[in-house]
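Visitor: The chain contents come next:
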Amino acid sequence: MTHATITPTPQSAVGATSHLTTSDNGFFDKFGGKYVAEIIRRPLDDLEAAFNKYIHDPEFLEELRIIQRDYIGRETPLYFAPTATELLGGAQIYIKLEGLANTGAHKINNAIGQCLLAKKMGKTRIIAETGAGQHGLATAAACAKLGLECVVYMGEVDVRRQQPNVATMEMYGAKVVPVTSGARTLKDAVNEAMRDWATNFKNTHYVLGSALGPAPFPDIVRTFQSIIGEEVKRQAAERNIDIAAVVACVGGGSNSIGVFTPFIEDKNVRLIGAEAGGIGPNKGENAARMTGNASREGILQGYKSRFLIDEDGQSLPTRSISAGLDYMGIGPQLAALGESGRVEFTAILDKEALEAVKFFARNEGILFALESAHAGAAAMKIAKELPKDKALVINMSGRGDKDIFITSPVFRPEKWKEFLKAELKRLENNEDIHDAEIMTRK
Amino acid sequence: MNLMSHLIAGFPDAETSIAIADALVKGGANILEIQLAFSDPSADGPAIQTASTIALDKGYSTKQGLEIVRKIHERHPETPIYIMTYGSLAFTPGIENFVKMCKDAGVSACIIPDLPFDGDEGLTEACKKHGLENIPVAAPSMTKKRLEMMASKGFKYIYAALRAGTTGSETTIDQATLDFIDTVGKGGAKVLGGFGIRNGEQSKVLSKHVYAVVAGSVFVNIVLNNADTAEGRAKAIAEIEAKAKEIAGK
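Protein chains in written order, with the working numbering: chain A, 996 to 1437; chain B, 2 to 251.
Where hints are given, some of them may not hold.
Below, computed lysine-lysine pairings styled on DSS-like, alpha-carbon distance capped at 27 Å [claimed, not checked]: (1) B:Lys59 - A:Lys1278; (2) B:Lys104 - A:Lys1115; (3) A:Lys1115 - B:Lys101; (4) A:Lys1114 - B:Lys145; (5) B:Lys145 - A:Lys1197; (6) B:Lys59 - A:Lys1025.
Per label pair, the in silico range of CB-to-CB distance [said to hold, decoys possible]: (7) B:Ala177 - A:Gly1142: 27 to 35 Å; (8) A:Asp1040 - B:Ile174: 39 to 47 Å; (9) A:His1051 - B:Glu202: 50 to 58 Å; (10) B:Thr144 - A:Gly1275: 46 to 54 Å; (11) B:Asn98 - A:Glu1081: 52 to 60 Å; (12) A:Ala1356 - B:Lys154: 56 to 64 Å; (13) B:Lys154 - A:Arg1291: 24 to 32 Å; (14) B:Lys101 - A:Lys1025: 38 to 46 Å.
Bear in mind the hints are in silico, worked out from the structure with no lab data behind them. We put the CB at the ideal spot given by N, CA and C, even for glycine.
Just chain A, same shape as in the assembly (with noise of 0.2 Å):
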C-alpha cells in the first residue's frame, strides 16, 4: 500500500488521507496505477518498500532537512510583488521563489531526497531522463554531492535547446546520453530510462523527475516536493497574508502537485495551473491534457492518465516554447483533481509565456524560466478577477538564465547574432577571451 502522507519537514503539517491527496494503491481516483512490464515491477515494488520505511526514519529526515537547508537553500522566499500587483490592479501578488534554490529550479527537492533515498538502498549508480535539464541538472548536482555515478537521458531536440544544461550537468560530472529514438523529446528520454533501469536495477535508481510514471513515482514526488507548499502556507500565515489562489505551471506537474498539496483540502484556496498552449489549439501544436481538444484517457509510461494521444493509442507530437512543459502526459494525481474540479487549467500561449517573461523581468527584477512563466502569465490574466486585500501566489519553479539561448534571439535577435557569430570566430581562431576584448575595444 502506498500511503505517503508524511512530509519530510519537521515544520509540515502531516497530510490529508482523501484519495486526491495522497494514491490509494497507486490510484488517484481512476488514474495513476502500475502499469509495466514485469521486468521492471521489482524496482518499483523494492523502491516503494524502501520510501515506506525511510519517510518514517527520523535520521533519514534529519539528514534530508540539514541538506535541504544548507545545501538547496530552503526556504525559498515567497516575495510581495508590489509593481505587478499595482499594474494587474487586482489581487496582491506574491511569487515563490523556488527559481532561488541551488541549481535554478524546484527539481533539486526531488533530487536529493531520491538521491539519499537511492543512497540508504545501497544503490551507486543514478539515472534520470530529463527535458528541460532543470530535473537533469538536479539529479547531477545531487549526484556530485553525495559520490554517486549519474547518466542522464536526454532528447535529441531537447539536448540542442537547452545546451546551457547540458554543458552545466557535464560539469557536474555527469554523462549526458542524447536519446535519438521517436520523437527525441522527453517521453523518449523516459522511455530510455526505463530500459536502463530494467537492465541495471541491481545497483542503479532511476530518479523520475516528475509526479506521473508507475506508483509508486508520483507518491514520491509530491512528498519530496510538499515543501514549497507547506512553506508557503507557514510564511503566509507568519505574515496574515490571506490567500484567494495559488498558480503553477503544469508539465508533468511536480511544481504544481508541490504548491498545491497542502491546499487541497482547504476549498477557499483556488488551484490553478497552466498548461503549455504551444502556437494554438490544433493536434501537435500544444501540450494541454486538461484544456486541449486531442487530448484522451490512456495508458502510456506505467500509469493512467490524460495523455495526447490518437484514437489507436500511438502518442502525438507536443509543442511548446519551454521544453519542461512539452509532454503528452500529466500526472495521474492532477489528471484526478483537474477531472473533480479542485484544480482549476488553463493554456498559456508561447507568446504569452514570453509576455510574462519580459513583464516580470521588467517591472519585479525577476527573470522567470519560460516553464514558469506560464504561470506568471495565467496570473497576469486572472488577478484582477480576485479582491485586492487577498493574495494570488505564483510559484516560481525555476529561474529564465537557462532560456538565454531562446529568450535572446525574440527579445534582442541582432545584438544575440552578433554575439553568436563574434563567439563562434573567436573559438574558431582559438583566441583567448581577453586578447579578443582588447581586439573589440581596438
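Fit chain B to the known structure of chain A by using the hints.
Guide: Frame of chain A; chain B shown alone:
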C-alpha cells in the same frame, strides 16, 4: 521443436511483412508473434523500437496492422498468430473492442506486457469471452511470490523473458534460468521461452525446457540491415528463412 518467431506488421512495409511471415513459416516457425507497432515500446530494445518507428512513419494504424495479420492468417490458417503490443493500443479503443478486432483478424492470443496479470483492465476476461488466450510475460527478476501467483492463475501459456533486461541481447542458459522456467510452468502453463535467441545452438538447448522457443529481434535485425532497397528486402527474406531453419533445427 516449437518455434514462435516474431515480426512487426507493416515493417518495413505491408507487402514485405507478409513475405517475412511466409519465410518464417517456411523456415519452421509454427507460431507467429506479430507485433503491432507502438510509439513508446519501453519493454523492447532499440531494434524493435527502430522498426516500429519505421512502420508508424508509414502510417500503419491498428486497423491496417490487423489487416496485414488477417492476410497472413489467410495464407497460413494452420499457424496460430499471437498479437504482441502495448496497453495503450488495447486500452484506447476499449479492451473488449480491441480483443474483438484481433479475433476478427484471426488472432488466437494477446501478449501485452504492460497490462499486468493482476491489473489487466479486463484483458483476460475479454480474451476468454472471445475465445482468445491472454499470455502474460514473466521476468526472472520477479519475486518468487509474485511469480508463483502468476503461475497459479490458470493461464494456458506464459511467456518467459529469459533475461533481466529488454529484448535484443545474448542469452545464457544457466541453472538460474532453468529454475525460473520450472517455476513459470509450475501451475501447468505451457512456457514460451525467449529474449535474445541468436542461433540454433541456443534454441536447441532451450527447446528441451520449454513448450516453444521464442526468437524475435534476430529476425528484425536482418530486415533492419537490408530494408532500404528491393534487392535488400529480397535478400532479407531469404536470410530470414535460413535463420528460422537454423533456429528451428531443420
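Visitor: Each hint should be assessed against the structure and marked as holding or not.
Guide: Against the structure, the hints come out as follows:
1. B:Lys59 - A:Lys1278: Holds: Lys59 of chain B and Lys1278 of chain A sit about 19 Å apart, inside 27 Å.
2. B:Lys104 - A:Lys1115: With a Cα-Cα distance of about 49 Å, the restraint between Lys104 of chain B and Lys1115 of chain A is violated, given a limit of 27 Å.
3. A:Lys1115 - B:Lys101: violated, 48 Å
4. A:Lys1114 - B:Lys145: Holds, at about 26 Å.
5. B:Lys145 - A:Lys1197: holds, 17 Å
6. B:Lys59 - A:Lys1025: violated, 34 Å
7. B:Ala177 - A:Gly1142: 27 to 35 Å: holds, 32 Å
8. A:Asp1040 - B:Ile174: 39 to 47 Å: violated, 27 Å
9. A:His1051 - B:Glu202: 50 to 58 Å: holds, 52 Å
10. B:Thr144 - A:Gly1275: 46 to 54 Å: holds, 49 Å
11. B:Asn98 - A:Glu1081: 52 to 60 Å: With Cβ atoms ~57 Å apart, the hint holds.
12. A:Ala1356 - B:Lys154: 56 to 64 Å: Given range 56 to 64 Å: holds, Cβ gap about 60 Å.
13. B:Lys154 - A:Arg1291: 24 to 32 Å: holds, 30 Å
14. B:Lys101 - A:Lys1025: 38 to 46 Å: Given about 23 Å between the Cβ atoms, the range is violated.
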